[in-house]
Amino acid sequence: MDNIANRQAIPKKRNQTGFIRFIIKHKFYHLLVLPGVIYFLLFHYVPIYGVIIAFKDYNGFGGIQGIWNSPWVGFQNFSNFFNSTYFWRLLSNTFIISFYQLVFGFPAPIILALLLNEIRNNRFKRIVQTITYMPHFLSWVVIAGLMTLLLSNEGVVNHLLSYFNVDRIDFLASTTYFRSILVGSSIWQSIGWGTILYLAAIVNVPQDLYEAATMEGATRWQKAIHITLPSISFVITILFILQMGKIIDQNFEQILNLYNPAVYEVADVFDTFVYRRGIVQGDFAYSAAVGLFKSVVSFILVILANKAVKKMGQEGIW
Amino acid sequence: MYFRATKGEKVFDVFNTLFMLLISASMLYPILFVVSHSLMTDTERALHPFTIIPTELNFSGYEFILAKGSLLLSSFQITFFRLSVGTLLSLIVECMFAYAISKRVYPLAVPLTMMIAFTMWFQGGLIPSFLVMKSLGFLDSIWVFVIPKLMNVWYILLLRNFFAQIPAEIEESAKIDGSNEMGILWRIILPLSTPVLATIALFHVVYHWNEWFMGIIYISDQTLQPAMVILRQILSQANAANMYAEDMGGSFVPPTSMIQMATIVVVSFPIIAAYPFFQKYFTKGLMVGAVKG
Chain A
1 MDNIANRQAI PKKRNQTGFI RFIIKHKFYH LLVLPGVIYF LLFHYVPIYG
51 VIIAFKDYNG FGGIQGIWNS PWVGFQNFSN FFNSTYFWRL LSNTFIISFY
101 QLVFGFPAPI ILALLLNEIR NNRFKRIVQT ITYMPHFLSW VVIAGLMTLL
151 LSNEGVVNHL LSYFNVDRID FLASTTYFRS ILVGSSIWQS IGWGTILYLA
201 AIVNVPQDLY EAATMEGATR WQKAIHITLP SISFVITILF ILQMGKIIDQ
251 NFEQILNLYN PAVYEVADVF DTFVYRRGIV QGDFAYSAAV GLFKSVVSFI
301 LVILANKAVK KMGQEGIW
Chain B
1001 MYFRATKGEK VFDVFNTLFM LLISASMLYP ILFVVSHSLM TDTERALHPF
1051 TIIPTELNFS GYEFILAKGS LLLSSFQITF FRLSVGTLLS LIVECMFAYA
1101 ISKRVYPLAV PLTMMIAFTM WFQGGLIPSF LVMKSLGFLD SIWVFVIPKL
1151 MNVWYILLLR NFFAQIPAEI EESAKIDGSN EMGILWRIIL PLSTPVLATI
1201 ALFHVVYHWN EWFMGIIYIS DQTLQPAMVI LRQILSQANA ANMYAEDMGG
1251 SFVPPTSMIQ MATIVVVSFP IIAAYPFFQK YFTKGLMVGA VKG
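Here the protein sequences come in this chain order: A and B.
For the first sequence, this note's numbering begins at 1 and goes up steadily by one.
For the second sequence, this note's numbering begins at 1001 and goes up steadily by one.
Keep in mind the hints are simulated off the structure, nothing from the lab.
Hints may contain errors.
Said to hold, decoys possible - Derived CB-CB ranges, DEER-like:
1. B:Trp1186 / A:His136: 40 to 46 Å
2. A:Ile38 / B:Pro1167: 28 to 34 Å
3. A:Leu209 / B:Asp1013: 45 to 51 Å
4. A:His136 / B:Pro1111: 34 to 40 Å
5. A:Val280 / B:Ala1168: 52 to 58 Å
6. A:Leu304 / B:Ser1060: 54 to 60 Å
What the hints assert, rightly or not - Straight-line C-alpha distance at most 20 Å; calculated DMTMM-like pairs for lysine to aspartate or glutamate:
7. B:Lys1149 / A:Glu253
8. B:Lys1103 / B:Glu1044
9. B:Lys1149 / A:Asp249
10. B:Lys1103 / B:Glu1169
11. A:Lys223 / B:Asp1013
12. A:Lys125 / B:Glu1009
13. B:Lys1134 / A:Asp57
14. B:Lys1134 / A:Asp283
15. B:Lys1103 / B:Glu1181
16. A:Lys25 / B:Glu1181
17. A:Lys223 / A:Glu118
18. A:Lys125 / B:Asp1013
19. A:Lys223 / A:Asp208
20. A:Lys27 / B:Glu1009
21. B:Lys1103 / B:Glu1172
22. A:Lys223 / A:Glu211
23. B:Lys1007 / A:Glu216
24. B:Lys1134 / B:Asp1221
Built from N, CA and C at the ideal position, the CB exists for glycine as well.
Using the sequences and the accompanying hints, generate a full structural model.
Here you go:
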């Protein structure tokens, strides 16, 4: 990479001495970036190169070099996947869970931020903020443990239900409730932390706007809807696009810790499937093809989100 | 700011306050529940299934999981290793890289920025990464916790932006006083950047504390697993004491639920206890990063 970049940086006609002079002139900076260049090549660009495994018949031997030597099979791995029963299951699960996440998870911190903004007692407001940030610092391993305590057969919720003579429900093994549990727990984890940027944007809204509106006799509800919300819409759009890029990935750790074979039907997504099929079962080429398909879908989603946002008259991220 | 609250607004205030109390309670309840029930035996728990105030203080779960030489204790050594070595190494290489690409005079600054930014949008994915790690000999190596996630693009860009807005005059005057480039970076730039360095260090610390996936895919040697992975295994065991069994022959074994809950508390307590004190830094880091967008 260093080499290629160098060639671009200096005019082609320069001879060897020009190149050496270039190296020497900036040797301090070259030394500073060297570990980083090696790191990004080795841990980010070599895996990107390794994506070609998806188009090969790779037997799992010889590590990354073995990829080079194995025969090309074109789109064989992809067509195997598209024709398998898993394709529609993974695609619909991924999209349904991401959709729920977007519809319920994305607005949640915006609403909480607007409501927090209406709290006049600053001390109370700060305490609520600190408490709601807390789950952000818990790993999904811990949250899954807490969820089990609350929702399993012997859990708190079932104890509560038994007082109302409702039969025990094994929520975490129920295809009816599992997705709601996913979305609910992810809102629980991220709602407080998600308010930080919105609250920061709200603080920057010019105060005279509110004063003018108060003079005109606007109610607090009107001020929140007609002043605060439009003033933070740029933060909302940027976070929305960034969210779209991650939306397909973001439930992976959560699902991997919460799901079980009883709910694969509604909970298995691309990433969890790649993990089981690729890492656990060692079917590398096939699962790499599934992974690549997912990356492409996620990339398209970002582009679409950016387009949609621009159509609505907002500034996109590029 | 506001003169008279209408009746509707007063009602709203009451409900809003109630809502905030409710949401705070929903955050605190599971934590308090697990803390109190980790101190109660199964019979006590059955009598008080919802309580968040322990009806007895039975520490046998904690004594068991923190017994000398226990699996959990030794796994904390791995956690502390990756946390200290990983955070320090990450900070060093991220600062070096960010400082170089913050310099306009460095011709590679823009190409290198693009090179790292590209990896935010496109990655090889799990399987190719796994094969690379395997080829590089990271399987069952403790360095898999440190090296493969050494540098974070977001933090590098955050640092670059911070370095770039330090006035050039400061560096120039130091140069006139005879400092060399390394001296400027070490004695002038980095001390000026302590708030942002602290923020990024904290992000790395939280990452290392909570991360468990690397251990699951790359490590099969039980003695190299960090505490979070051990917790994950304990939670999935029907008989959690088995995890600790080896040298426990004959001694008292607490019930599984007690072991599991005590482990949850021990593994998550440090971060829960610490984050309110560092909250300022976390939020600041998030903000600086977001301004860039």
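We went through each hint and held it up to the structure:
| no. | hint | result |
| --- | --- | --- |
| 1 | B:Trp1186 / A:His136: 40 to 46 Å | 34 Å, violated |
| 2 | A:Ile38 / B:Pro1167: 28 to 34 Å | 32 Å, holds |
| 3 | A:Leu209 / B:Asp1013: 45 to 51 Å | 22 Å, violated |
| 4 | A:His136 / B:Pro1111: 34 to 40 Å | 35 Å, holds |
| 5 | A:Val280 / B:Ala1168: 52 to 58 Å | 54 Å, holds |
| 6 | A:Leu304 / B:Ser1060: 54 to 60 Å | 56 Å, holds |
| 7 | B:Lys1149 / A:Glu253 | 16 Å, holds |
| 8 | B:Lys1103 / B:Glu1044 | 65 Å, violated |
| 9 | B:Lys1149 / A:Asp249 | 17 Å, holds |
| 10 | B:Lys1103 / B:Glu1169 | 14 Å, holds |
| 11 | A:Lys223 / B:Asp1013 | 15 Å, holds |
| 12 | A:Lys125 / B:Glu1009 | 18 Å, holds |
| 13 | B:Lys1134 / A:Asp57 | 18 Å, holds |
| 14 | B:Lys1134 / A:Asp283 | 15 Å, holds |
| 15 | B:Lys1103 / B:Glu1181 | 12 Å, holds |
| 16 | A:Lys25 / B:Glu1181 | 13 Å, holds |
| 17 | A:Lys223 / A:Glu118 | 11 Å, holds |
| 18 | A:Lys125 / B:Asp1013 | 13 Å, holds |
| 19 | A:Lys223 / A:Asp208 | 12 Å, holds |
| 20 | A:Lys27 / B:Glu1009 | 65 Å, violated |
| 21 | B:Lys1103 / B:Glu1172 | 13 Å, holds |
| 22 | A:Lys223 / A:Glu211 | 10 Å, holds |
| 23 | B:Lys1007 / A:Glu216 | 19 Å, holds |
| 24 | B:Lys1134 / B:Asp1221 | 15 Å, holds |
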